[in-house]
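**Q** Here's the letter readout for the chains.
2 protein chains.
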Amino acid sequence: MRDPDFAVLGIGNALVDVISSVDDEFITAHDFPRGATTMVDLERAEAVYADLPPAQEISGGSCANTIAGLASFGATVAFIGRVRDDQLGKVYTHDLRSLGVHFDVAPATTGPATGRCLVMVTPDAQRTQCTYLGASTFIGPDDVDPALVARAAVTYLEGYLWDQPPAKDAIRKAAAAARSANRQVALTLSDPFCVDRHRDEFRDLVADEIDVLFANEAEICCLYEVDDFDAALQQVRNHCRVGALTRSEHGSVVIGGEEMHAIDAESVDRLVDTTGAGDQYAAGFLYGLTYGHDLATCGRLGSMAAAEVISHFGARPAVSLAELAERVVR
Amino acid sequence: MRDPDFAVLGIGNALVDVISSVDDEFITAHDFPRGATTMVDLERAEAVYADLPPAQEISGGSCANTIAGLASFGATVAFIGRVRDDQLGKVYTHDLRSLGVHFDVAPATTGPATGRCLVMVTPDAQRTQCTYLGASTFIGPDDVDPALVARAAVTYLEGYLWDQPPAKDAIRKAAAAARSANRQVALTLSDPFCVDRHRDEFRDLVADEIDVLFANEAEICCLYEVDDFDAALQQVRNHCRVGALTRSEHGSVVIGGEEMHAIDAESVDRLVDTTGAGDQYAAGFLYGLTYGHDLATCGRLGSMAAAEVISHFGARPAVSLAELAERVVR
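Sequences listed follow chains A and B, in order.
Count along the first sequence from 1, then add 7; that gives the number in the working numbering.
Count along the second sequence from 1, then add 7; that gives the number in the working numbering.
Hints in this document: simulated from the structure, not taken from any laboratory.
Each hint should be verified, as a subset may be incorrect.
Derived Cβ-Cβ restraints for the label pairs, each shown as a range [claimed, not checked]:
| hint | chain 1 | residue 1 | chain 2 | residue 2 | range |
| --- | --- | --- | --- | --- | --- |
| 1 | A | 189 | B | 131 | 46 to 54 Å |
| 2 | A | 113 | B | 299 | 55 to 63 Å |
| 3 | B | 301 | A | 57 | 37 to 45 Å |
| 4 | B | 203 | A | 329 | 36 to 44 Å |
| 5 | A | 269 | B | 303 | 58 to 66 Å |
| 6 | B | 271 | A | 116 | 51 to 59 Å |
| 7 | A | 278 | B | 116 | 43 to 51 Å |
Cβ atoms here follow ideal geometry from the backbone N, Cα and C, with glycine treated the same way.
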C-alpha cells in the first residue's frame, strides 16, 4: 500500500458562519433548541437574520473546521464540499486554500447561494445554530473521487450530511472507496437532533463502516437510546475500533480495543464561544492518530485544540496549533 | 429651527472589512505603507487577498464605523453610502440597520461589487489597509437629500470621499444643505496620504465649510505641511470652530474658541487591533457634542470609545458604549 498523500480527507457541508451575540430571550423568542442546530429554509434563515444584531462572517462548517484545525497542526489535508460561485463561496474557498487545504470541487454555477450557519452566542458562551444549507446540498456521489479517498489515511465525515439523500450516497461511496483502499473512515455524529432523525442508519453505519467515531454525550446517548453515558460507552466498545466521546468541561473518554482513557478538559482563562469545540477536538485527535501517537495523546491533543477555540469567537483556531502541540507531544 | 431628528448623518464609503493577521514581512513584501490605507483596483485587491491567510468579514468603512459607534451610545443616526445588491452588500446593510441606523440608499444593481477593505493586522496590533472601493464609488450628489441633511444636527464626512469626483460633489452639496439649514458639518481627514493627495481642497474646505475637524497627528501636520504638532494646532485654531486632534497613546487635544483641553488616552488591558480607534474616538466625541456635553467630556468619551475598540478585532464596538459612557458622564 502506498503511503497516503493526505492525513485526512474531510467531506462535509460548506457553510459560512454568521456569528453574533444574542441574549437568552432571543433564543426563546425564536423557539430554537438551545445548544443545538436547527435546519431552516431560506425564508426562515432570512427572517432570523433580519432580527439578529450585527454579525461577523467567518468560514465554518463542522467538518471543514476540523480540516482547518488539522492544517493548523501542520497535517496534509483535503476537503470535499460545495459552494456557489458567489461572494461567500469565494470567501469560503479562500479561507480553506490559504491554509494549504486541497480543495478543488468546482463551485455550483446555478441554484441556491453558498450555505450559511447563523451562530447565536449567548452570554454563557453557549452557541445555538440555525443552518441554511444552500449550495452545500449539491454535494453528491459525483463529487467523491475514489482516487482522492485512496490518497487519504482517514476519510472524515460529518453526520449532518445525512440530512440530504445525495450527500448520503456520496458518503456511502466514500466509505466503500476507503475500505477497498484499506484506509480508515471516521465519523462525527454532529448533533443529537441529527442522530434522532437518522438513528437506525447511523447505528448501521457505525457498526459496519466506521473505524473512528466522535460523539458528545448527548449524541452517543441518543444513538443508543440510553440515559446514561456509561451505558452508551459499553455499546460503542462493541461497534468501533476507536471511539472518542467528549463531555464538555468534564473532558473526554477515549476507547480502542481493550484500552480506555479518561482525558481531562484543558482549562481556559476565559470562555468566550463554545462554537467549534467538538470540531477542534476531532482535529487534535485525528492529528495524533494519523501522525502515529497513542490514543491518550490523541485525546490530549483534542482537549488542547478545543480549549484554544473556545477562548475566542469563531470555530477555527486563531493561533498555530502546531506550536501549541509542542507542549503536549515532546 | 426644528429640533433635529438625527444627532449625526454620516456620508462615507460603504466597505466590508476583510480582517486577517499577518507578519511584518507580508506588509514589506507587498510594499504597503505601514499603518496607512492604499487604494487599489480590483486586480490588485484580488492578488493581495489570494496571498492573505484566512480572514473574517465585518462591516466597516471609516464613517460608517463612527455611525455604528454613535448608535451604540444610543444616538439617533443616519448614513449615506453605496453598496451593490450582492451578498456583501446585504451583510453591510443588515449590520447597519440592525443597530437602528437610518440607511435607505438603494443598492446599485449594476457595476462593481460591494467595496472591501483588506485590513492587515501586524503583531504590534497596528493595521495596514488596502481598499478596493467597488460600488462605494457610486455615491454622488443624487444620493444626498438636502431634507435628510437638514434633519441632522451634524453631518459627518470622511476625507476618503475626496478620491472620487462624484463623491466630492455629494460632499459639497451636503455641506451647502447643512449650512442653509443652520446645521453643523464635521470632517475627518482619514489618512495622511489622502490629505497629501487633496491638500489644497482640504484646506479650503476646512477654512470655509467645516465646524468640527477630526485628525490625527500625521494628518494635521500633513494638511498644514508642518513637522510639529503644536504648529499644526495653532493653524487649526484659526480655521475651525472645534478641532479634535488624536495622538494615539498620547491622548488627544481638543480645541474650541479660547478653550484647549489635553485629554489622556484611556489605558487598555490588551491592545489587539488598532483598527477603528480614530473612528470610535469621533463617535464618542460627536455623541458628547450632540447630546450637550462640554468639550473636555466630548474628548473623554472619544478616548473611552477608542479604548474599547482597540481591545478586540474589528472597527466597531463589541459592547454597549451607552453603558460604558455612564462611567464618564454622570
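**Q** All the hints need checking, so say for each whether the structure fits it.
**A** Hint by hint, here is what the structure shows:
1. A/189 x B/131: 46 to 54 Å: holds, 50 Å
2. A/113 x B/299: 55 to 63 Å: Between residue 113 of chain A and residue 299 of chain B, where Cβ atoms are some 59 Å apart, the hint holds.
3. B/301 x A/57: 37 to 45 Å: Holds, since residue 301 of chain B and residue 57 of chain A (Cβ atoms, about 40 Å apart) stay within the stated range.
4. B/203 x A/329: 36 to 44 Å: holds, 43 Å
5. A/269 x B/303: 58 to 66 Å: holds, 59 Å
6. B/271 x A/116: 51 to 59 Å: Check passed, 56 Å falls within 51 to 59 Å.
7. A/278 x B/116: 43 to 51 Å: Given a distance of about 44 Å, which is inside 43 to 51 Å, the answer is holds.
Going through the hint list in order, the structure satisfies each hint without exception.
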